[in-house]
Amino acid sequence: MILPLTREDLKVIGYNMSKIVYLIGVLLFLPIIVAVIYGEFDVIPCFLVGIAIAFIFGSLLHHFLKTEKEMELKHALVMAALIWLVAPLLASVPIWLANATASYLDASFESISGFTGTGLTLATDIDHLSHSINFLRHFLQFLGDGIGIIVVSLSILGTTEMSSVLAFKGEAKDVGIRPSIVRTSRIIIGIAVTFLLIGTILFTAAGVYAGLDPGTAVFDGLNHSMTGYATGGFSVRSQNLLYYHNVWIEVAAIVIMIIGALNFNLHYAVLGGKRREILRNMEVRVLLLFLVVFGMFVSANLLQLNLYSSGEALFRKGVFHVISAQTTTGFQTVPSSILMFVWPVLSILLLSIAMLIGGCANSTSGGIKLLRVGVLFKSLVMDIKRALLPKSAVVKGSFHHIDDVPLTDTVVKGAAVIALSYLILFSFGTMITVAHGYSMEDSMFETSSALSNVGLSSGITSPAMPATLKVTYMFLMWAGKLEIIAIFVLIGFIILALRKGIRK
Amino acid sequence: MGLRKFSLRAFLKKNFDFITGILSEAGLTAVIMGVTLVICVLLALISQ
Numbered sequence: 001m002i003l004p005l006t007r008e009d010l011k012v013i014g015y016n017m018s019k020i021v022y023l024i025g026v027l028l029f030l031p032i033i034v035a036v037i038y039g040e041f042d043v044i045p046c047f048l049v050g051i052a053i054a055f056i057f058g059s060l061l062h063h064f065l066k067t068e069k070e071m072e073l074k075h076a077l078v079m080a081a082l083i084w085l086v087a088p089l090l091a092s093v094p095i096w097l098a099n100a101t102a103s104y105l106d107a108s109f110e111s112i113s114g115f116t117g118t119g120l121t122l123a124t125d126i127d128h129l130s131h132s133i134n135f136l137r138h139f140l141q142f143l144g145d146g147i148g149i150i151v152v153s154l155s156i157l158g159t160t161e162m163s164s165v166l167a168f169k170g171e172a173k174d175v176g177i178r179p180s181i182v183r184t185s186r187i188i189i190g191i192a193v194t195f196l197l198i199g200t201i202l203f204t205a206a207g208v209y210a211g212l213d214p215g216t217a218v219f220d221g222l223n224h225s226m227t228g229y230a231t232g233g234f235s236v237r238s239q240n241l242l243y244y245h246n247v248w249i250e251v252a253a254i255v256i257m258i259i260g261a262l263n264f265n266l267h268y269a270v271l272g273g274k275r276r277e278i279l280r281n282m283e284v285r286v287l288l289l290f291l292v293v294f295g296m297f298v299s300a301n302l303l304q305l306n307l308y309s310s311g312e313a314l315f316r317k318g319v320f321h322v323i324s325a326q327t328t329t330g331f332q333t334v335p336s337s338i339l340m341f342v343w344p345v346l347s348i349l350l351l352s353i354a355m356l357i358g359g360c361a362n363s364t365s366g367g368i369k370l371l372r373v374g375v376l377f378k379s380l381v382m383d384i385k386r387a388l389l390p391k392s393a394v395v396k397g398s399f400h401h402i403d404d405v406p407l408t409d410t411v412v413k414g415a416a417v418i419a420l421s422y423l424i425l426f427s428f429g430t431m432i433t434v435a436h437g438y439s440m441e442d443s444m445f446e447t448s449s450a451l452s453n454v455g456l457s458s459g460i461t462s463p464a465m466p467a468t469l470k471v472t473y474m475f476l477m478w479a480g481k482l483e484i485i486a487i488f489v490l491i492g493f494i495i496l497a498l499r500k501g502i503r504k
Numbered sequence: 505m506g507l508r509k510f511s512l513r514a515f516l517k518k519n520f521d522f523i524t525g526i527l528s529e530a531g532l533t534a535v536i537m538g539v540t541l542v543i544c545v546l547l548a549l550i551s552q
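Protein chains in written order, with the numbering used here: chain A, 1 to 504; chain B, 505 to 552.
Some hints here could point you the wrong way.
Under the rule of at most 30 Å between Cα atoms (straight-line distance), these lysine-lysine pairs were calculated in the DSS-like manner [stated by the list, open to error]:
id	chain 1	residue 1	chain 2	residue 2
1	A	274	B	517
2	A	274	B	518
3	A	413	A	385
4	A	391	A	378
5	A	396	A	385
6	A	391	A	413
These stretches of chain A come out as covered by chain B in the derived footprint (C-beta under 8 Å, 3 or more residues) [stated by the list, open to error]:
id	region
7	268-274
8	290-298
9	309-321
10	442-452
Over 10 Å on every C-beta distance to chain A, these chain B residues come out as not near it, computed from the model [to be verified]:
id	residue
11	509
12	510
13	511
14	512
15	513
16	514
17	515
18	516
19	517
20	518
Calculated from the structure, these hints are not laboratory results.
For every residue, glycine included, the Cβ atom is placed at its ideal position computed from N, Cα and C.
Excised from the complex, chain B in its bound form (with noise of 0.2 Å):
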């Protein structure tokens, strides 16, 4: 019926640099995230 099958593998290699680019920046969200959290955790523990 002219659809192509979906191969996963195709996918991601022809998308690698985008999808790794998502996960990178998704990656440096998480680290700020983390960091500040952890600041904000340790600063409640000194605190009491």
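Same shape as in the complex, but just chain A (with noise of 0.2 Å):
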């Protein structure tokens, strides 16, 4: 039976966001670093504005809220859900004030699109951003979605064990890395921290390779190498890494998004000295299969068109582009008008089921993820086998990921209800997409893009776009970042309220 909500129901989850709600406003003091370093005073009092609603809002909630109540996992997801909404929107209000988008609506859009690692943009013009405005756009997707705005909180702020354990489900994140929490989190930022500096010395070195002057390719190399690994996507120009047309910054990009893809577990195993996972790992295997197999396919497509011609054009544009939709990442180097005028249909919606499957669980990267895909292929092996062999064998699965796993019934389930879900609210999106007059595969390209929290984008993402598909497309990457149970967790509580009311 499901038990009525309470107030003290509501002040468990308040006052546990005013927490993270304060670290909001400590952490947008960080682009003001910025802004001073490259003299845009002009830009501060945005930033100040933003820091001082977050302190209003936080300490509304933390005095009126304050209850000394353990979380359930109830109050965990809806913390979650809710969190995921609130920190994007107060990170907007410097983005709106400093005329980074057209209007409050976009720079939610934007925000929201940071935070969750996504990288659609609506910003106005990228180019002549000033750099502290740039820097957060990019600082919020390596903190939402590089290491997760929950595990930034219980590292700093520390709160008890359970409701950590809880709060990181809400995050839609795995809690096995090391018995304490607040351990693991400090481990999953050190391992996030380990490759932003790698990968700010790869494309950095690239960047001056390429000509770009010192100054300019630590700060492009250090944006880039930030959402690279956040599988996030935001670029410094507005061509994204089109603009700099070298090789070597697109293979920086391909180091940084594929590590960025996979399971922290993983990289903790191997960094811990269990290097033989990395060969061993399902997860992994199963990710360098679906790239094989998308790059050929894309490669061999665009190559049939005479679209390129050469072995290493089909590597720079085909495999790239696999290889940003497999990892959720979104960086690109042809631009979104030749994706949606020039591409073939077939290349477009090969790179969505790419979209759609998505990285490795517990990873940076979103979509369905490639465990519950590996999960799933095994299960219906395992139908097969038994419909084949006699009703009296025994059919026994197992699959290795960081152990020896066994495939039982429940981690089946598990897979297939996240799969399932995902696919509902893709349909949901192409369907809305497709009713405001785009073509069916463009529709399937941009929403997948969305709810996987990608960001390549078929030209469909922009300021000009009618609002509903807007809120439609914020929703759905706000929902495919907490794997939609935490939303469906905040729908029910909501209407747990309108039923039945909030008991004293």
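Relying on the hints, combine the two individually framed chains into one complex.
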């Protein structure tokens, strides 16, 4: 029996949210440092207003909803769903005040796209944005998707073990790295910062080699490393990575995109000495399989239409976009107009499927996740075996993911529920986009890009697109990031409150 | 002055797992890029 909501439930959610709201306020000081470095003093008040709003809102939550009650799973899921809405709305204030977007709705879209690591952008003139606002856009991706806002808050603020475990689950993260959740959070941050540094060095070196001045190379490199590791895909250039026309920048991007799409548990195991895990892990094998198969078909399809004729061009355009789609990053080396009007439908559909599948579970990437696809495929194989073998035969399955994991009905059901939820939302988003007059393949492409937090665009996403479509994509990005279940629990909470009211 | 003498050998020994782990992940990305690049070159050669 579902118990009715009480005021104490709301207090638990609001009080725990207040700590993260404070943290957002504190983190908004970082772009101010960038503004000071680049002498952009006119933008600083925009950040200060955002910080003030965050602190006032946090104080109100903290003061009026203070409680000692421990968080339960339902609270954690609702809090995660809400904080992933509230945090972007707060961070969108400086973006809006600095006129980086045409309206507050566009700024919110930009901020949600940032926090969820999507990368679809409504910024009006990226090439002429201030350094500090550009840094904020990229930092949001690193903070929200690269590490996870709840992970950051746990490692800095600390809280009870039980609340932390539940909050982690709400953010669709695995808690299995270390026994202590705060230690797990710090390991995740350590891994993220390590790869951020490596990525920055790679991008900067490639940028200098491409002819950028060292200052620009470092700034662009840091930002692209943040969004590459976060599999976010924002860029400091309106043409994204196409701007550079440089193979080494694209290679640096591929390296950091693939690393960002790998499971945190896998990083932890490999960096801790279990090097063979990288070859044995089922998710890595499935990733390799999909990249090779999709890369081959997209390249063959592009070659068939004589769009690109050399092996290098096929790799830099075809394979690059397959990796960008599969890892759910969204870096582009082809303009959206070429994707929309010139690329063949088959390639667009293959990229859409790659985006829907996404990267590894418990990584920075979105989508259904390779682990779940692998589990469902193994389950299918087991069912086929059961059908072919005698009734008395016992068919047992397992897969290797850090340890040997038995393929139980519970594991398969969990994977199937998430996959089905994604497909339902995908159909919903595609239908709404088609209803706005776009073609089916472009609608499928843009919807899967928003839902799986990718950021590749066929050109539909622009400041001129209808407000209803903007709101639809904002919902898809939010739902996709939280792997949907937290959203359903939030909706259940609201329905419960409406039907039975809130008791004392 | 309180600064200890830096020993590359000791540093590598202490961080062996971490460094080889990074190299393993770099190796994975190199394998993915290598395999897909070979496929692209072969496709381009076949089509000519």
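* To do: Quick one: which hint numbers does this structure break? Sort them smallest to largest.
  => 10
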